[in-house]
Amino acid sequence: MASSIRVRATSNGDITEVQTLIQHPMDTGLVKDAKGELIPAHYIQELKFACNGKDVFVANWGTAISKDPYVKFSFKSAKKGDDLKISWTDNKGGSDETTAKIA
Amino acid sequence: MMKARTALLLGSLSAALVAFALTSPRVVAADKVDPVADAKAFQNFFFQKFPNVKHEDFVNGPYSMNEDMKRQWQEKEEFPPYEFALDAGKEMFATPFKNGKTYADCFPNGGIGIRQNYPYFDTGEGKVVTLELALNRCREANGEAPYSYVKDEMASLTAYMAFTSRGKAMDIRIPDDRRALEAFENGKRYFYTRRGQMNFSCASCHVQSPGERIRAEVLAPALGILNALPIYRSEWSGMGTTSRRFITCNSQTRAVPLEPQADEYRDVEYFLSYVANGLPISGPGARP
Amino acid sequence: MTTHTGPHPTRRLILQGAASVALIGLGNLPFAPARAAANDKYPEEAFKLKNEADAIKALYGKTAEPSDKIKLDAPEIAENGGVVPISVTTTLDKVTSISFFVAENPNALAASYKIPDGTIPAVANRLKMAKTSSVTAIVEADGKLYSATKEVKVTVGGCGG
Amino acid sequence: MKRSLTLAMLLALSFAPMARAATEADYKAAYAAAEAASKEAAGMRNQWTTTVSTLAAAKKAGDGGDFDRAVAAAKEAEALAKASVFQATSEKETWKAMEIR
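If you read the protein sequences in the order shown, they are chains A, B, C and D.
So in UniProt numbering, spot 38 of the first sequence is number 38, and the numbers just go up one at a time.
So in UniProt numbering, spot 201 of the second sequence is number 201, and the numbers just go up one at a time.
So in UniProt numbering, spot 101 of the third sequence is number 101, and the numbers just go up one at a time.
So in UniProt numbering, spot 44 of the fourth sequence is number 44, and the numbers just go up one at a time.
For the record, the hints were derived by calculation from the structure and aren't laboratory data.
Don't take each hint at face value.
Which chain B residues stay away from chain D? Per the calculated CB distances, all over 12 Å, these [what the hints assert, rightly or not]:
| id | residue |
| --- | --- |
| 1 | 38 |
| 2 | 90 |
| 3 | 174 |
No farther apart than 16 Å at their CA atoms in a straight line, the calculated lysine to aspartate or glutamate pairs in the EDC-like style are these [what the hints assert, rightly or not]:
| id | chain 1 | residue 1 | chain 2 | residue 2 |
| --- | --- | --- | --- | --- |
| 4 | B | 98 | B | 140 |
| 5 | C | 153 | C | 44 |
| 6 | A | 76 | C | 117 |
| 7 | A | 72 | B | 78 |
| 8 | C | 131 | C | 151 |
| 9 | A | 92 | C | 44 |
Where is the CB? At the ideal position from N, CA and C, for every residue including glycine.
Bound conformation, chain A alone (with noise of 0.2 Å):
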């Protein structure tokens, strides 16, 4: 299945900015469904950002991130071609995690 995780990370040789955009339902837990049950809570809690053995960068989120969430940071010292890996858990254990290049 194709990763739920899309990114861009580029580099301007000193900083990477790097882009990602998830998909995932993101639901708070208080919305109803067309049966109007409430659609139980599931969201991302937490993403990480490791380049070169080190975390660059983690997130930790609530239910007030919005579905098929994106997120934009920059960080120094990594260079072109270098493995940025992005993982990420949700409340019910779910979790995905891919690797890209820095272009």
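Keeping the supplied structure of chain A fixed, place chains B, C and D upon it in accordance with the hints.
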């Protein structure tokens, strides 16, 4: 004194004549369907009503009308929410049917970069064929079940086909065929006809008050309103095909929607696409 | 893309990294528990709290003071409460954490980001907002908390333009 | 102005006060009239969603034996259906007034 008065008289007379001349050809022409004149008048209406909106910007709907929303949209466009539908559409396009054929076999140029010519008038059948109808026909011709017109699969396919045409000018043709002119006129009538308990027509919102708010939404101008379809709407937190957009608009004016791909829907799509000829395809789009 | 030809980058970074680690090491001894909570495990408690002030306390164990060195970018009127693009950048130094709070949401804490050394103190994300509310960005820099707040109007959409 | 006057009159007409409690026969008659008007509106492809929901409410009340409410709902549904028929017929010509020329 006399001369001044007669000059005044002559002036007003000629003005009246000019005014009469201007309207009369249109009045006469209205009975004979004249799509070229309709398209010109339609575009000029919006170009004059919003002089500082760049012509090609009209296809960006509400974002051509409101700076703050345009900024939010451009931020979203950096990594748009329709990215998944686009990838799914690309994959579906490449996956062969059970009989080994693919969508590329059903469409000119393999289906790539042709969205700007849809809908077209099929002189054989004597009716308007939209991209969504053509896709389902291709599926059925290859022994596959048709997709729902309002669900994600259809949206993913049309998203990919629209993406391959991005930037190309809308290029809808009306053949010299009485039935084509009738379909165009039928679409125009549908566009201007009030319906639903709210007693709105498409024009009530998209011609009379684009740029204004109806509740929280900024209304899109009718010119180029279909160029961005299919769209990912935050409201639906999902993709929306042209059919889904028409159906939801109907129910919001409390009119019972017609069946997807009904004559009226295909004809109004034909009318709206034709009058937007020359404006770029910008689908798939992201909307509030 | 200019090629970077300064002193051998990794050596310089290692030196700089070592120095800051020592500093942080020294700094966090007195209030280790609060900082530990913010650092590694998922701040379950903070995300459950309704009220913004309580959530900030649960997450960082101290209060924040407004700072004009934080630039919070949020729309005046959200085009849709479900997808509100909000981003923050700061010129503060030694930033270790950035968090976002939406006061009127069922739970005030929306997101909390750890900013390791070498990562630019700036984040862009898309939040859900239940209704019109103040949005606050909290930046933890050199052990102290700073904040910036903006009002974002959210209306229940109806027709869809 | 003329069009909305007629609409108002139509709606007012249907709310004539009921003298006594409605019987099942009253309900059946009112429902049949409403259904006929609604079919006509559907035939003109100009049905309103509120006609459909009010007609359903009338049926639900009728099935539940609450004939007063059922008749009132059926009357309202009929008025809505008639208004949508009126809208469709008048729009056959008046749409041209909004056309961009």
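Hints versus structure:
1. The beta carbon of residue 38 of chain B sits about 8 Å from the closest Cβ of chain D, which is not more than 12 Å, so the claim that it is off the interface is violated.
2. Here residue 90 of chain B stays apart from chain D, with its beta-carbon at least about 37 Å from theirs, past the 12 Å limit.
3. Every CB of chain D lies more than 12 Å from the CB of residue 174 of chain B, the least distance being 18 Å, so the non-interface label holds.
4. At roughly 12 Å between alpha-carbon atoms, residue 98 of chain B and residue 140 of chain B fall within 16 Å of each other, so this suggested pair holds.
5. Restraint check: the Cα-Cα separation between residue 153 of chain C and residue 44 of chain C comes to about 28 Å, which exceeds 16 Å; the hinted pair is violated.
6. Taking the CA atoms of residue 76 of chain A and residue 117 of chain C, the gap is near 9 Å; set against the 16 Å cutoff, the hint holds.
7. Between residue 72 of chain A and residue 78 of chain B the alpha-carbon distance is near 10 Å, which keeps this suggested pair within the 16 Å criterion.
8. Of the supplied pair hints, the one linking residue 131 of chain C and residue 151 of chain C holds, its CA atoms being roughly 11 Å apart against a limit of 16 Å.
9. Taking the CA atoms of residue 92 of chain A and residue 44 of chain C, the gap is about 14 Å. The hint holds against a cut of 16 Å.
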